Amino acid sequence: MADEASIAFLRWCLPQLGLRWPGYRRVRGLVGKRLKRRLAELGLADLSAYQAFLTSHPAEWARLERICRIPISRFYRDRGVFDFISSQLLPEAASQAAARGDNAVTCWSAGCASGEEPYTLAMAWRFCVAPRWPAIGFTVIASDAEETMIKRAGTACYSFSSLKELPQTWRERAFARRDAAFCLAPEFRQHVQLQLQDIRRSMPDGRFDLILCRNLVFTYFDEALQRRLASQFYERLLPGGCLVLGSHEALRAGTGGFVRLTPNLPIYRREPLNP
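In this text, residue positions in the sequence shown follow the numbering used here: the first is 1083, and each later residue adds one.
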């Protein structure tokens, strides 16, 4: 499949899905391979034929939307971000929970893929926070729109390549070797509640001390969706709670209610600090 034809097709279809072309520049090869497989399944000659097929078969748009999902994740992805979460954000959340008379910290990992991110949070809590705040409980709601990703997260077994960025001591303490896979111990899995959920249509109930939405909304979704979801994140954060984006992401200019904590990390605090 010619790259030019793939780019032209993506420029045509992505806006109709509420997605944006700039987010797909670096992953267009992956999407192109998926499109090629879909053309073979349908017996279509090229993307022009697929475009005509979409026009005459509206139900195919849902399949195309799934083709365009990019579930890429690793444990401790972006070391500087997780160092800051472990040393600053989670201890701060525990302190704030204790101050307001709450006995639990709750986080949300939006677009959790196969679970690497929420399980990293669970390890960070157990290793860095729980010894200092033993009376404070910890829960991560982990949501994703792709059923296969949620099922993989449920097994919690991974290849070594997914774990190589984890601190070695964490890897040794939290995982057991099972054939060619590394499987997470139950005491870490118990902190994570998996939900099959499309963030564009619904969100978990409740309010959160910390929301991670990395390499999803603010990379692939169009501006209108980014602004709407940023507002919804604000409503679901507790006062003083934080929103963490991907390392190459930022909130749109003019997004109200947030202040960036540091120019070097994509972390935003919900204001005001007091209810």
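Don't take each hint at face value.
[To be verified] Derived Cβ-Cβ restraints for the label pairs, each shown as a range:
hint	residue 1	residue 2	range
1	Thr-1237	Ser-1138	11 to 21 Å
2	Cys-1265	Asp-1128	52 to 62 Å
3	Gly-1111	Ala-1335	28 to 38 Å
4	Arg-1182	Arg-1342	34 to 44 Å
5	Gln-1275	Ala-1217	15 to 25 Å
6	Pro-1216	Val-1109	39 to 49 Å
7	Val-1341	Arg-1116	22 to 32 Å
8	Cys-1265	Arg-1148	45 to 55 Å
9	Arg-1342	Trp-1103	19 to 29 Å
The hints are simulated quantities; they were obtained by calculation from the structure and are not laboratory data. The model shown is predicted, which means the values in this text are computed figures rather than measured ones. From the three backbone atoms N, C-alpha and C, an ideal C-beta is built for every residue, glycine too.
Status of each hint after checking the structure:
no.	hint	in the structure
1	Thr-1237 <-> Ser-1138: 11 to 21 Å	violated (39 Å)
2	Cys-1265 <-> Asp-1128: 52 to 62 Å	violated (43 Å)
3	Gly-1111 <-> Ala-1335: 28 to 38 Å	holds (31 Å)
4	Arg-1182 <-> Arg-1342: 34 to 44 Å	violated (24 Å)
5	Gln-1275 <-> Ala-1217: 15 to 25 Å	holds (21 Å)
6	Pro-1216 <-> Val-1109: 39 to 49 Å	holds (43 Å)
7	Val-1341 <-> Arg-1116: 22 to 32 Å	violated (39 Å)
8	Cys-1265 <-> Arg-1148: 45 to 55 Å	violated (27 Å)
9	Arg-1342 <-> Trp-1103: 19 to 29 Å	holds (26 Å)
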